[in-house]
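Here are the chains, one letter per residue:
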Amino acid sequence: MATDILMPALSPTMEEGKLAKWLKNEGDAVKSGDVLAEIETDKATMEVEAIDEGVLAKILIAEGTEGVKVNTPIAIIAAEGEDVSAASTGGAAPKADAATQPAPTPDMQAEGQAATPAPNAKTGDDAPKAPAAPATITNKAPAPVMEEFPAGTEMVSTTVREALRDAMAEEMRRDDAVFVMGEEVAEYQGAYKITQGLLQEFGARRVVDTPITEHGFAGIGVGAAFTGLRPIVEFMTFNFAMQAIDHIINSAAKTLYMSGGQLGCPIVFRGPNGAAARVGAQHSHDYSAWYSNVPGLKVIAPYTASDAKGLLKAAIRDPNPIIFLENEILYGQSFPVPKLDDFVLPIGKARIHRTGKDVTIVSFSIGMSYALKAAQALAEEGIEAEVIDLRTLRPMDTDTVVESVRKTGRCVTVEEGFPQSGIGAEISACLMVDAFDYLDAPVLRVTGKDVPMPYAANLEKLALPNVAEVIEAVKAVCYR
Amino acid sequence: MDAAKDAGRAASDPSLPEASPSASIEAGNPAETHAPAPNAPQFTREEDLHAYHEMLLIRRFEEKAGQLYGMGLIGGFCHLYIGQEAVVIGMQMASVDGDQVITGYRDHGHMLACGMDPKGVMAELTGRRGGYSRGKGGSMHMFSREKQFFGGHGIVGAQVSLGTGLAFADAYRKNGQVSLTYMGDGAANQGQVYESFNMAQLWKLPVVYVIENNRYAMGTSVARASAQTDFSRRGISFGIPGEQVDGMDVRTVREAATRAIQHARSGEGPYILEMQTYRYRGHSMSDPAKYRTKDEVSKMREEHDPIEMVRKRLIEMHGVPEADLKATDAKVRETVNQSAEFATHDPEPDPAELWTDILLDARA
Chain S
0 MATDILMPAL SPTMEEGKLA KWLKNEGDAV KSGDVLAEIE TDKATMEVEA
50 IDEGVLAKIL IAEGTEGVKV NTPIAIIAAE GEDVSAASTG GAAPKADAAT
100 QPAPTPDMQA EGQAATPAPN AKTGDDAPKA PAAPATITNK APAPVMEEFP
150 AGTEMVSTTV REALRDAMAE EMRRDDAVFV MGEEVAEYQG AYKITQGLLQ
200 EFGARRVVDT PITEHGFAGI GVGAAFTGLR PIVEFMTFNF AMQAIDHIIN
250 SAAKTLYMSG GQLGCPIVFR GPNGAAARVG AQHSHDYSAW YSNVPGLKVI
300 APYTASDAKG LLKAAIRDPN PIIFLENEIL YGQSFPVPKL DDFVLPIGKA
350 RIHRTGKDVT IVSFSIGMSY ALKAAQALAE EGIEAEVIDL RTLRPMDTDT
400 VVESVRKTGR CVTVEEGFPQ SGIGAEISAC LMVDAFDYLD APVLRVTGKD
450 VPMPYAANLE KLALPNVAEV IEAVKAVCYR
Chain Y
0 MDAAKDAGRA ASDPSLPEAS PSASIEAGNP AETHAPAPNA PQFTREEDLH
50 AYHEMLLIRR FEEKAGQLYG MGLIGGFCHL YIGQEAVVIG MQMASVDGDQ
100 VITGYRDHGH MLACGMDPKG VMAELTGRRG GYSRGKGGSM HMFSREKQFF
150 GGHGIVGAQV SLGTGLAFAD AYRKNGQVSL TYMGDGAANQ GQVYESFNMA
200 QLWKLPVVYV IENNRYAMGT SVARASAQTD FSRRGISFGI PGEQVDGMDV
250 RTVREAATRA IQHARSGEGP YILEMQTYRY RGHSMSDPAK YRTKDEVSKM
300 REEHDPIEMV RKRLIEMHGV PEADLKATDA KVRETVNQSA EFATHDPEPD
350 PAELWTDILL DARA
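Residue numbers (numbering that gives the first Met the number 0), protein chains in the order written: chain S, 0 to 479; chain Y, 0 to 363.
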């Protein structure tokens, strides 16, 4: 009987791809192992092999077609002598015999159903206490940073992935002291294709493939930075940086202080942080709160491509150790990026992404996608949410948050990390001190659940925050 | 400054309680390992005089630090280098200006050998504003960009990856410099050491790994902690050459260092030197040293003291009058006393220093 070949999911986060090329024609006999087609994902070009014998009866998706969704039938394989025209397609596709097994699409959009009550978003759990005197010098009342480039600047739709690559390439052109090191950054073109093309432009001296040895190469990067080089150390994911965290904290973050200001460490540690999709507990940890806890570090976690570019350029130029937390799911998303020769954003400034008067939603990185969808839905119900993208977690621009909450009187925080001692907990504590008299409701936190990340699709969905939880929390603080 | 007098001082030092022979662990006979090489390379008169002065400065400085610790003027951890002086001085005699030095927490000797001011080092030990880190680093955390001294690191083994990074930067800049990366026999068992060995050889980085084998990682003897006690062989699986060196004889140290540094500087990659040495004092000031016998220590002091060996040569071979050496001794004592004087009278850091040096100003 005829079977459909489905568009395969070739990475944990792939939702669609380009059918780049058919290597077999209609009518060709195929046997197991034959390469049928080439598919371009957001990360690489992959070959699709046949598993069964038969005849390539019909090609359903022409080569060159972009945006083919995972699990779409792309061809039909018939048995020898079978009537091809009788082979059905579409609808309830049978098992995808001829290709790699399709993974369920991780659908970040499909929120709102089956949301269990969020146990951690119920009450304001910060008991009243004597506020400690603010110990650090804060930047005073910055104006909302909405305009960060001249009006009328041409905007180019760019993925976060391209924006990060462009930022590194521009800074490497500008300064010979900047180099990239990490696993698969050079010849492989980046495990997530972030360093694509850099080896070709800058050569092996400045784009350095390392062995799988995070502790060692993080230390080498820090040592090189002590001499004034400006390493960009890529961790394939921040989960693996656990092996290197001693050098990040003890060597990079503390040495300036311990040397009485003599020995700076201009280094950027970057890579994807937090959950991707279906990669299990050891590959899904969000370290935002961990690094934001450490004096001597700056911690950046951008959401848009524009912020990713402008802030990564700033990070590379900064004389301090920077933790640059990316998100794998955001890599393929496109945002307008200003077409400017040198677009650098200030580290430590939040951005009011959407203005509103009724409630303040504070988030960062992929949390912003929940926050913005919730704000859209709430607007339809007459609740105008102001959405603040922190962008930088340390130093944290709490002034912008406080100013907003003094206006709205209500605040909900959104993050994928765990609830205890999280970014939301920090925001909540700041508001207790600086906006206590303005609060009309306890601050609520929407966070990842307090469990290691499960693998099963349904459980993973439950473990992550979702739009419904944000809406629920906002309504709770608005007493609606 | 003869050995007997030195031993007497140690015995009366309240910070160094008597070792208990009953609790001691047989550690082999150090004398056999450290017998002076019969064909040891010779130093000129000037070289021996230089080595004598430099090693004596470290010895007297460390003795003074021990005293100040006993008086409560130095706090926390304080790891003395007494006994190991020939290692860092021999290494420095083979290096050139620009070569970088990085080590672990037993670091005062390395600082002085790099030419850092004893006043600044001692004032850091006492936590004063005139210290190299303005009192914010302490015994284990001092640095001097000017002298190419990169610390001073308190996490055992971390300096090995960092020192390999210094060499990475040298290769990146093609500046002809070599990173002298020191570690102890304890650090040599850390995983990141081998991650570093691998990359250093893979990329042919100009680094000399100096393993100061003083026989005890804190209180654990080499034999109890290391499956392979010949540390010069620790790079074999990476193809890194290594050799064991009598680390009590400054001449053999310098000779081996010259070979190793030449190897690294010429682009052939890393080199390992296992320096067989001995620390007379405990691991830190609070170590009663019950893991070894008092005899073991006094035998090393009497028969293999690196400074006494040079002193003997200066008198017997080079015909230096004893009065000249006494003058050197007096000069060194004066330098050390001045550093102690400074370190005890320099004010503590201004309270405002609490909030400085956390981040550099990005606009600068």
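Simulated from the structure, these hints should not be mistaken for laboratory data.
None of the values given here were measured: they were computed from a predicted structure.
A virtual CB, placed ideally from N, CA and C, is assigned to each residue, including glycine.
Some hints here could point you the wrong way.
Incomplete in silico selection of chain Y near chain S, CB under 7 Å [claimed, not checked]:
1. 155
2. 157
3. 167
4. 168
5. 324
6. 337
7. 341
8. 358
Hint check:
1. For residue 155 of chain Y, the interface hint is violated, since its Cβ never comes within 7 Å of a Cβ in chain S; the closest pair sits about 10 Å apart.
2. Given hint, residue 157 of chain Y at the interface with chain S, holds; its Cβ is 6 Å from that chain's nearest Cβ, closer than 7 Å.
3. Interface restraint check for residue 167 of chain Y: the shortest CB-CB distance to chain S comes to about 5 Å, inside 7 Å, so the restraint holds.
4. Interface restraint check for residue 168 of chain Y: the shortest CB-CB distance to chain S comes to about 4 Å, inside 7 Å, so the restraint holds.
5. Taking 7 Å as the C-beta cut-off, the interface hint given for residue 324 of chain Y is violated, the closest approach to chain S being about 36 Å.
6. Hint status for residue 337 of chain Y relative to chain S: violated, with the closest Cβ pair at about 21 Å, above 7 Å.
7. With a cut of 7 Å, the hint placing residue 341 of chain Y at the interface with chain S is violated, because the nearest CB-to-CB distance is about 16 Å.
8. A distance limit of 7 Å between C-beta atoms decides the matter here; for residue 358 of chain Y the minimum to chain S is near 5 Å, and the interface restraint holds.
In this structure, the earlier hints numbered 1, 5, 6, 7 are contradicted, and the remaining ones agree with it.
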